[in-house]
Amino acid sequence: IAGITQAPTSQILAAGRRMTLRCTQDMRHNAMYWYRQDLGLGLRLIHYSNTAGTTGKGEVPDGYSVSRANTDDFPLTLASAVPSQTSVYFCASSDTAGGADTQYFGPGTRLTVL
Amino acid sequence: AQSVTQPDIHITVSEGASLELRCNYSYGATPYLFWYVQSPGQGLQLLLKYFSGDTLVQGIKGFEAEFKRSQSSFNLRKPSVHWSDAAEYFCGGSYIPTFGRGTSLIVHP
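So the protein lines, in turn, are chains A and B. The opening position of the first sequence corresponds to residue 1 in our numbering, with each subsequent residue numbered one higher. The opening position of the second sequence corresponds to residue 115 in our numbering, with each subsequent residue numbered one higher.
Quick caveat, the hints were computed from the structure, so don't treat them as lab data. Some hints here could point you the wrong way.
Computed footprint of chain A on chain B, listed as stretches where at least three residues anywhere in the stretch have a Cβ under 8 Å from a Cβ of chain A [unchecked claim]: (1) 150-162; (2) 210-218.
What follows is a set of in silico ranges between Cβ atoms, one per label pair, in the way DEER data are often shown [to be verified]: (3) LEU160/B to PRO8/A: 19 to 29 Å; (4) LYS182/B to ALA15/A: 20 to 30 Å; (5) GLY130/B to ALA15/A: 27 to 37 Å; (6) ARG18/A to GLU178/B: 43 to 53 Å; (7) GLU180/B to ARG18/A: 45 to 55 Å; (8) ALA69/A to SER166/B: 26 to 36 Å; (9) THR112/A to PHE165/B: 22 to 32 Å; (10) PHE165/B to MET27/A: 15 to 25 Å; (11) GLY155/B to SER80/A: 21 to 31 Å; (12) GLN159/B to THR9/A: 11 to 21 Å; (13) PRO154/B to ILE12/A: 44 to 54 Å; (14) ASP38/A to LEU160/B: 13 to 23 Å; (15) THR126/B to ASP38/A: 17 to 27 Å; (16) THR102/A to ALA143/B: 13 to 23 Å.
In silico negatives: residues of chain A with every beta carbon more than 12 Å from chain B [claimed, not checked]: (17) LEU13; (18) ASP38; (19) ASP62; (20) GLY106.
The C-beta atom is built at its ideal place from N, Cα and C for all residues, glycine as well.
Given these sequences and hints, build the entire structure.
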């Protein structure tokens, strides 16, 4: 069982370009999340999805969009990347929404926007 | 705004010494609370979680945490730290899981 996979592992991107970070889980979890991790700021929630077909905004959603067309995939799109979006991005999933279940994290994507 | 606060950015302890990492929350109702650990270059792993019942929660790797409603705290403890415990520790909670800023644990031999 792979758990959660993220792609790419790392990426250098020119400002203004569009970028989609991929996240796939094979645990049939209902809830999925995207976080960004920045030094001194910890993990901040970007978007989440409690179940396939639904999404919600987290603490820092501006400049990002997500979709949840099926249970397994939860891509994060930067429509027009800016340098402040340079960060490490983590995808996570949990069996149910609501905070009681353990979150399982992917290995992360390191994104640099120049 | 984050609803959990980790007041300490860095904590340095000697191997074998006891450890306490602080976490304060500001949720209205009794929240779900948890601690995760992130080893260098790795993703996050759950140490323990609390959402009801016994206020002293046991986790993996010898860690425990105590929920104290009167102090709005959920501090993480370990009686004897090992060098392999050096990592970033995140407290978090709520129904839509959010995290504090993290505490970096440095272990001296």
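Verification of the hints:
1. 150-162: Our answer is that it holds, as 6 residues pass the Cβ test (under 8 Å) against chain A, meeting three.
2. 210-218: Answer holds; 7 residues pass the 8 Å Cβ test.
3. LEU160/B to PRO8/A: 19 to 29 Å: 26 Å, holds
4. LYS182/B to ALA15/A: 20 to 30 Å: Given range 20 to 30 Å: violated, Cβ gap about 46 Å.
5. GLY130/B to ALA15/A: 27 to 37 Å: 49 Å, violated
6. ARG18/A to GLU178/B: 43 to 53 Å: 46 Å, holds
7. GLU180/B to ARG18/A: 45 to 55 Å: 47 Å, holds
8. ALA69/A to SER166/B: 26 to 36 Å: 35 Å, holds
9. THR112/A to PHE165/B: 22 to 32 Å: 38 Å, violated
10. PHE165/B to MET27/A: 15 to 25 Å: Once the Cβ atoms are compared, 21 Å apart, the range 15 to 25 Å for MET27/A and PHE165/B holds.
11. GLY155/B to SER80/A: 21 to 31 Å: 29 Å, holds
12. GLN159/B to THR9/A: 11 to 21 Å: 19 Å, holds
13. PRO154/B to ILE12/A: 44 to 54 Å: Once the Cβ atoms are compared, 22 Å apart, the range 44 to 54 Å for ILE12/A and PRO154/B is violated.
14. ASP38/A to LEU160/B: 13 to 23 Å: 22 Å, holds
15. THR126/B to ASP38/A: 17 to 27 Å: 23 Å, holds
16. THR102/A to ALA143/B: 13 to 23 Å: Given a distance of about 21 Å, which is inside 13 to 23 Å, the answer is holds.
17. LEU13: Fine: 21 Å to the nearest Cβ keeps LEU13/A off the interface.
18. ASP38: The claim is violated: ASP38/A sits with its nearest Cβ about 10 Å from chain B, within 12 Å.
19. ASP62: ASP62/A is indeed farther than 12 Å from all Cβ atoms of chain B, at 15 Å.
20. GLY106: 6 Å, violated
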